[in-house]
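K.L.:
One-letter residues, chain by chain:
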Amino acid sequence: MKNIWAICKKEVKTYFTSPIAYVLITVFLVLVGFFFYSLVWWFNNYSFQAARDPAYLQQLNINQMVFSPLFHNISIILLLTIPLLTMRLFAEEKKRQTDELLYTSPISVNQIIIGKYAASLFVLLVMLLLTGILSILTFAYGNPEFVPILNGYLGLFLMGAAFIAVGIFFSSLTENQVVAAMLTFGALLLFWILNWAAGSASGMWTDVLNYLSFFQHFDDLTRGILDTTDIVYYASFSFFGLFLAHSVIQSRRWR
Amino acid sequence: MIEVENLLKKYGELVAVKDLSFNVEKGKIWGLLGPNAAGKTTTMRILTGYLPATDGRASVAGFDVFKEANELKKTIGYLPETLPLYPEMTVHSFLDFVAEIKQTPASRRRDAVEEVIDTSGLREVSGRLIKNISRGFKQRVGIAQALINDPQVLILDEPTIGLDPAQIIEIRKLIKSLKGERTILLSTHILAEMTQTCDGAVIINEGNLMASGSLEDLTASFKEKEGVVIKLRQHGKEIASLLGKIPGVARISQKNDEFTVEWGKGKDLRDEITKLIMDKELGLMEMRPLAMNIEELYLKIISGGVAR
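Sequences listed follow chains A and B, in order. Heads up, the first sequence is in this note's numbering, so the first residue is 530 and it goes up one at a time. Heads up, the second sequence is in this note's numbering, so the first residue is -4 and it goes up one at a time.
The reader is advised that the hints may include incorrect statements.
Claimed, not checked - Label pairs and their computed distance ranges (CB to CB):
1. GLY715/A / LYS171/B: 48 to 58 angstroms
2. GLY116/B / THR555/A: 32 to 42 angstroms
3. ALA726/A / ALA101/B: 49 to 59 angstroms
4. ALA187/B / ASN639/A: 36 to 46 angstroms
5. GLU83/B / LEU560/A: 47 to 57 angstroms
What the hints assert, rightly or not - To give an idea of the chain B side of the interface with chain A (calculated C-beta under 8 angstroms), a few residues:
6. THR43
7. GLY44
8. TYR45
9. PHE58
10. LYS62
11. GLU83
12. HIS87
13. GLU95
14. LYS97
15. GLN98
These aren't lab readings, by the way, just hints derived from the structure by calculation. C-beta atoms are modelled at their ideal positions from N, C-alpha and C, and glycine is treated no differently.
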């Protein structure tokens, strides 16, 4: 546990003493803020129309009209930012050959991986918590439902965690950070749209592809529904990513 | 302290270390000497538990490098060839991090960091970012991180590579000052490094053990003949033949005003030569013993020209 903490602390420090964390978080927040602004503006217009025509009033729901699409947008920004967050984790160690220090210290590969994973989760958490200001604003001026928003955030965090695990796996494969980022991005996007192939598949494959797709699980959570299937899906995705990273690192040393 | 038995390491088809065996006693500095690509780094990586060996046995400080890797890693300090430094950390925070992952107890950590900062002479740069300090200081940080857990065995891979002559001397001094209770194995491809710092050496080439032993043993066993080099004011052709008449002289060669006189092992003809020069008034300007050039010796060993 102490070892994991040591690695985690070092990685968080590296993120925040270099420009990486600040640039990622700032760009992320600017984009999220812009999406939020557009959605609220649109919702406002809609409300004026509803005032004139009660038929619109039925559909007027801030959770569905602002938060649901907002979470959708955030998830796409995460798809683009997380590969950049995770690309350095192992690739950089290898390039600088600092991995030799880590692997000749009395600390296991698992502890190193979990420490790095935890550090990235922390950055993700900071990113998501900072967008929480937007929710607070809506609570101050409107009347949204709390639970769907909380579920949405939980879902975003779980999905981000799965993205990070995939990123760690690809970072462990190469010593080139750009390669790691591109492979991570490609894999995530592929998993995202895997359900598109479900239409052309038949029988069991439709279900399998639908289950594997990020999109399918994500749709639920933007609507504020958090199913155990989704939690299991994201947790197993994370576990699998980290497990693969562990295998890659171990096998490299034994070759 | 360091015991290696029939060590074998293959990278696929490539044999990096072949049937390597040697022992280093406690409290000694030994050099692992060989040209580039001789297998020095591979051997050290195996000894530090970074790489597994294909076959053979090795133990450091009483711990088997394969079976007790975790215990081993706690008792050794290792300086890899490429310094494992994080440029965006300060010297102090980097050493603190290393102390943490080397499992220095929290209560001791502060003192441990301060101690190595002092022994490695890093006080003046301790608050600076590693990327901003000079190559010589970086090397010191590398040695400091190896020392942080107060290791019984230090393994240093090319500790003076890439330094300027003044820095090399400083680092050598630092390494010598670490001797005592500690056993040190350092690798180098520079012979002078070994003769100035080490008590003994293991010489390898292309993964094969070429020679090993203490420095005196190594030089003594390879010295085939003895002799002197003399410089004379008079250096006509006839003088060489004059010197050649001294009984016991095995070989004479002349290069301008320098004569090399060699004789068989175990003799000493210096008195006779001096006497001859005085008698004939040849004008002695210089006389020095003909040490078998250690560079030559080394080249001979690694090319397999000298039997063990």
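K.L.:
For every hint, state whether the structure bears it out.
P.N.:
Now the hints, each set against the structure:
no. : hint                                    : in the structure
1   : GLY715/A / LYS171/B: 48 to 58 angstroms : holds, 54 angstroms
2   : GLY116/B / THR555/A: 32 to 42 angstroms : holds, 41 angstroms
3   : ALA726/A / ALA101/B: 49 to 59 angstroms : holds, 53 angstroms
4   : ALA187/B / ASN639/A: 36 to 46 angstroms : holds, 44 angstroms
5   : GLU83/B / LEU560/A: 47 to 57 angstroms  : violated, 26 angstroms
6   : THR43                                   : holds, 5 angstroms
7   : GLY44                                   : holds, 6 angstroms
8   : TYR45                                   : holds, 5 angstroms
9   : PHE58                                   : violated, 11 angstroms
10  : LYS62                                   : violated, 14 angstroms
11  : GLU83                                   : holds, 5 angstroms
12  : HIS87                                   : violated, 12 angstroms
13  : GLU95                                   : holds, 4 angstroms
14  : LYS97                                   : holds, 6 angstroms
15  : GLN98                                   : holds, 5 angstroms
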